[in-house]
Each structure stands twice: as structure tokens, then as C-alpha cells.
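K.L.:
Same order as they appear, the protein sequences are chains A and B.
Just so you know, we're using my numbering here: the first sequence kicks off at 1 and counts up by one.
Just so you know, we're using my numbering here: the second sequence kicks off at 1 and counts up by one.
No lab work stands behind these hints: they were computed from the structure.
A few of these clues could be false.
Result set (EDC-like, lysine to aspartate or glutamate): computed pairs, CA atoms no more than 20 Å apart in a straight line [stated by the list, open to error]:
#1 B/LYS166 with A/GLU427
#2 B/LYS166 with A/ASP371
#3 A/LYS426 with A/ASP371
#4 A/LYS178 with B/GLU133
#5 A/LYS178 with A/ASP112
#6 A/LYS39 with A/GLU72
#7 A/LYS67 with A/GLU37
#8 B/LYS166 with A/ASP428
#9 B/LYS166 with A/ASP429
Label pairs and their calculated CB-CB ranges [claimed, not checked]:
#10 A/GLY234 with B/MET144: 26 to 32 Å
#11 B/PHE9 with A/GLN45: 53 to 59 Å
#12 B/MET164 with A/PRO76: 37 to 43 Å
#13 B/LEU154 with A/LEU48: 54 to 60 Å
#14 A/ARG379 with B/ARG27: 20 to 26 Å
#15 B/ALA161 with A/GLY234: 41 to 47 Å
#16 B/LEU62 with A/GLY419: 29 to 35 Å
#17 B/ARG27 with A/PRO76: 16 to 22 Å
#18 A/ASP186 with B/MET164: 38 to 44 Å
#19 A/ASP186 with B/LEU139: 25 to 31 Å
#20 A/GLY234 with B/ASN116: 58 to 64 Å
#21 A/PHE370 with B/VAL17: 39 to 45 Å
#22 B/VAL163 with A/ASP428: 18 to 24 Å
All C-beta atoms, glycine included, are put in the ideal place defined by N, C-alpha and C.
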Amino acid sequence: MGHLIPQSIVPYVIPVICAVVIVAVLPLLAGYIVLMERKVMADMQARLGPMRVGPHGLLQPIADAVKLLLKEDIIPEKADLLLFWFAPLLSVTMALVAYAALPIGPAFQIADLNIGLLFILAVSALGIYGIVFGGWASNSHYSLLGALRSAAQLVSYETAAGLGLISALLLAGSLSMKEIVMAQYDQGVWFIWYVPIGFFIYLVGSIAETNRAPFDLPEAESELVAGYMTEYSGFRWSLYFLAEYANMIIVAGIATTLFLGGWLRPFVSFHDHLPGTSVELLDALPSLLVLGVALYCFYLAPKQPVKIQKLFMGAVGGLCFLLAAILAGALFAPAPVQQGIHGAFWFMAKVFGYLYLFLWFRFTFPRYRFDQLMRLGWRFLIPLSLVNLITLAVALLLTREWGWNLRLTTILSAGVTLGVAALLLKEDDAGSQMQTADGE
Amino acid sequence: MAALNSILFFFLSALAVVSAILMVTRRNIVHGAVYLITTLLATAGIFLLLQAEFLFVVQVILYVGGIMVLFVFVIMLVNLDVSLLRFQFNGQRFVAGVLALALSAQVFLAIWMGRNSLHLPEPAASIAAKNTEAVGDALFQRFMLPFEIASILLLVAMIGAVVMAKRRV
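With the rest of the complex left out, here is chain A (with noise of 0.2 Å):
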């Protein structure tokens, strides 16, 4: 096998299998996100949400690829043919590159870039143009003011997101996604912890930049139709989608990473060895969580009406509990081994729960008006996101320079943060009321 391939491409094999994997796994991922956002819309409206495909719906993602793919290909007349080609493929390509300098897990990123954050932000703000170019190309009003919104947005939000993420910076001191990493690890505790309101900040601006609701003017259905997407159909539709779910993954990814611990298990610092051997008690959790699922899907199989549903259901488990026990045989394996695979399943357990805050959220605000959305980002989080970068700097300081503890000063910091934040919604109500005195 070694003489087979010549040495100098050996170390590029991995990589390339890794972005095989991501490319082949994210479609299908997207598709998934999609099926969990409607049924936890149902779920929250009391309704039952797809139950049609498959057992609870669990093939529905697949029939609608079909369908997008075999459905007719609408290119309006007047349209910019080049740019409207182009730009979807854009919008997903940008949002697939990305991926090159996530760590899901330690065993499992492409490239350990040593400015890997800022790649990633570099690559998923150019992202945008996809949906610039594809409104102004569709040669239509609706799409054009989506495509305008969304830029405007996203310059606005993308300043405070990222002063947000410079507060964990701070903490960790270097920009390689693995190396926050590890310092979360050396620390002991997740940075959530330290700047609680970074996080709120990088939370609302991500929300923002992928369009999500409460901030989805861009495409707000009641006003622009379906804002730049209006002109798009069948696969090229679909391409926007997989793009604004591949940002989903990757903003919720870049969360994960720096504020809520990457791959690492909660309760980072706390061993608890069995006696006698190297396995944790903590490290058992993955399986039986995922064990319990197993159960959980051998128990709803015989209640599915259909033969063909009670099948399904119980291979659904079956691959469950295949799961929980690759997950129970990697705490024997090498420690690599085991650290690669249970890291990738805190990482996606981590990536799942941010994004079920996104989905939860659209499901709880309306949505804002544009103005309300520019007096938020520029008025209320970037002076916010400001003071909290400053308070920050000083606790570091104290704590760096005269050995305060840091778990104090960045609870001082947060205090003083606030207090902050309650004066400018303080001057905020009283501007706003003065602008409507001023109006009538």
C-alpha cells in the first residue's frame, strides 16, 4: 500500500476524507434540521407536524429532495442569467468551505488553521453575495429589497457577533478553533461561564446573520413574498436552503467552540475513574443516553399502524443501539479513539442544542420590524458588546497583573455589563418616546 501512492500526498489523505464525509453527511444533515424544526413547531402549536413518510415522519426530508429535484427549473425572463446561475452556488460552496476549520471533535477537522475563526467568518460573510446577487438577478422588486435587507443586516450584525466572540478570545488568546479548545480544557470551565453576555450578544447577532426569525426581514413572507427567493424554484431553491442550514450548523459550531467547550464533556475537570481501570463515569453518559433512545424506539415500533412503519421504526432503534454501542466500546479503545468519537457526539449534542435555542426562539418572538431591528443591533448590542470587551480587558487585567481571581472579576465585569445594558434600554424608551412626540 505505501509504495502505491507517493509520500508527498500521504498527509492529505485524511483531510480529503474528512471533507468527503462533511459534503456527503451535511445535505442529508440539513435535510433532517428541517424535519426537527417542523416537528418541534408542532410539538409547540399541540400539533403532530409530518406523519406521513415513514414513522413520525422520519423519511419526509428525503421526499422533499425528491421533489425539489425533479421539479421544473423557473428562470424568469428578464433575468440576469449569469449572476442567477451563480449565485446559489455561491450562497452553498461559501457555506460548505467554511467547514474546513471546524474541529467536530478532536480526531475530525480538516485543516487546524491558526487563524481558523477569522477563515471561517471570512468565508461565511462572503456567503452574502449569494443572496445579493441572486435578488438583484431575479430582475424582481420583492427578491431586490430581501437581497438589500439582508446585507443591511448583515454589516450590522456581523460587528456586534464579532466583538462578542473577541470577549472569548480574550479568554483563550489564540484564533486556532483547536487551540480555544484546549484552553477551555487547561481552564477547566467552559467560557459561557466567564462572559455570559458575550455569548448572549454572539447569540442574537448569529441569529441575525442567518436570517433566522425573529430577524428574518429578508425573506418575511407577510411583506416581500419570500424576499431574494422569491424567483428561485426546484433545485436551485433548494441550494439557498441547504445554505442557510449549513450557516445554522456552522454559526451554532463556532458557539460551540468558543463559549460552550467544543468536544469536550461537561464537567471537564471532574474525574471520576473507576476503580481499577481508565474508564470515567462521565464518559458512559453518551451511551446511555443514546441507549435510551433505543429503548425508546423498540417500544413505539409495536404501536405504528403499518407493518412496513413497525419495521422501520425498530431498524430506527436498531441503529440507535448500534450507536450506544459504538459509544460503549470506544471507553475501551485508545484514548485518541475514544476522545475522537465521544467528542464528535458532544460537539453534535452541543450544535443540536444551540440549535434548538434558534427554533425555539422562532417559534416564540414575532418578527421585527426594520427599523426596531437597526435600533437593536447599532443602538442596543454594539455599545453593549463594547462595554462588555472593556469591563472584560480590566478583569483580565486585575487578574493577570495582580492575581485577583478570575471567576470574580468576570462576574464584576458581567455586573457592571448589565448595569450598562439597563441604562441604554433606559435611554433607548425615553429616545423613542421623544421621537414619537416628535412624530405626532
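Model the placement of chain B on the given structure of chain A, informed by the hints.
P.N.:
The following block gives chain B in isolation, referenced to the frame of chain A:
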């Protein structure tokens, strides 16, 4: 590896030059913006080739991801149909020709005089590993004063913009 670097360098340079020319000559202003973005990205690629990855990323985030988005935003707000019908070249061919000749003579002279020192700079291997830190150190230690002056200039510009916008409200 060196051959690959040269190929990439000439590819990126050609891309930058060609798209710069296309940017100036396109009638459709949005297409011009697309070519300007391509030029900026190709330049960023050349930075990356020199192992200045921090400059690469800053170029992409600031110029392509920030400033150009605002450019495109403004372009789309302007009525394009009118500008497409407008006369795009005025007839000062003689003056333009003389100026172009003078400029190319200048460039040619500069290249001719420096023909002995014309080679691609080799990336410094020792700095390459800690590139971002090196940029930070240089900015905040050696070039502290110019850096701060530039920041204050930007701050003044920003306050000026706010003041001018406020007057209207």
C-alpha cells in the same frame, strides 16, 4: 513546491489584472462590482501565497465582506436603468491616449530599471508559524504611534459621518 507557487502566483495575478480590466469596461455596474470582488479575492490569494494569512483574512473580511457589501448595497439602491442608458465614455481620446502612454512609459521604465532585483520574495519561514502574533507585535510596539493616529483619523471620520447624518433628522 516552488513551481506550484509560481503557477498559483501567475494565475492569481492574471485573474486580478483581467478582472480589474473587466471591472472598468463593463457597462453593467453590478457586473463591475463582481469583477472588483474577484480582483480583491485574487489579491488576497497572493497574500496567502506569501504566507501572510492574517493579511489574507483581513482583506477578505474587511474589503470583500464589509466594504464591498456596502458598495453593492449602494449600487443597488441607485437606479440602474438610467445609468445603463447614460453615455459612459466621453470623447477625450487624445488626452487619454497621451496620459496612458506616459503612464505605461513610466511603469516600463520602473520595471526596466529594477530588472536585476525582479524576483518573487521568499516567505520568511521563521515568522510564518506565528504570523498573526507578528502583525500584532509590529502594530502595537514598533508602529504604535502611526497605528493610533490612523485609529483617531477613522474615529474622526466616523463622528463626522454621524454629525452630518444627524443634521438631517
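K.L.:
Hint by hint, note whether the structure agrees.
P.N.:
The hints, checked one at a time:
1. Between B/LYS166 and A/GLU427 the CA atoms are separated by roughly 18 Å; this keeps the pair inside 20 Å, and the hint holds.
2. Note on B/LYS166 and A/ASP371: the hinted pairing holds, with a Cα-Cα distance of about 16 Å set against a maximum of 20 Å.
3. Using a Cα cut-off of 20 Å, the hinted pair A/LYS426 and A/ASP371 holds, with the two alpha carbons roughly 18 Å apart.
4. Proposed proximity of A/LYS178 and B/GLU133 is supported: the alpha carbons are some 17 Å apart, at most 20 Å.
5. Between A/LYS178 and A/ASP112 the CA atoms are separated by roughly 7 Å; this keeps the pair inside 20 Å, and the hint holds.
6. A C-alpha spacing of about 28 Å is found between A/LYS39 and A/GLU72, which places the hinted pair above 20 Å, so the restraint is violated.
7. With a CA separation close to 19 Å, the supplied pair A/LYS67 and A/GLU37 stays within the 20 Å bound.
8. Restraint check for B/LYS166 and A/ASP428: the C-alpha separation of about 16 Å stays at or below 20 Å, so the hint holds.
9. With a C-alpha separation of about 19 Å, the suggested pair B/LYS166 and A/ASP429 falls inside the 20 Å cut-off, and the hint holds.
10. Against the hinted window of 26 to 32 Å, the Cβ-Cβ separation of A/GLY234 and B/MET144 comes to about 56 Å, which falls outside the hint.
11. Distance hint for B/PHE9 and A/GLN45: a CB-CB separation of about 57 Å, consistent with the stated range 53 to 59 Å.
12. B/MET164 and A/PRO76 have their C-beta atoms about 39 Å apart, which keeps the hinted 37 to 43 Å range intact.
13. Take B/LEU154 and A/LEU48: their Cβ atoms lie about 56 Å apart, and the range 54 to 60 Å holds.
14. The supplied range of 20 to 26 Å is broken by A/ARG379 and B/ARG27, whose beta-carbon atoms lie about 40 Å from each other.
15. As the Cβ distance of B/ALA161 to A/GLY234 is approximately 44 Å, the hint placing it in 41 to 47 Å holds.
16. Between B/LEU62 and A/GLY419 the beta carbon distance is about 33 Å. The supplied range of 29 to 35 Å therefore holds.
17. Separated by about 21 Å at the C-beta atoms, B/ARG27 and A/PRO76 satisfy the suggested range of 16 to 22 Å.
18. With their beta carbons about 49 Å apart, A/ASP186 and B/MET164 fall outside the hinted range of 38 to 44 Å.
19. A hinted range of 25 to 31 Å holds for the C-beta pair A/ASP186 and B/LEU139, which are about 27 Å apart.
20. Taking the beta carbon of each, A/GLY234 and B/ASN116 are about 59 Å apart, inside 58 to 64 Å as hinted.
21. At about 40 Å, the CB distance of A/PHE370 to B/VAL17 agrees with the hint of 39 to 45 Å.
22. At roughly 20 Å, the beta carbons of B/VAL163 and A/ASP428 sit within the given window of 18 to 24 Å.
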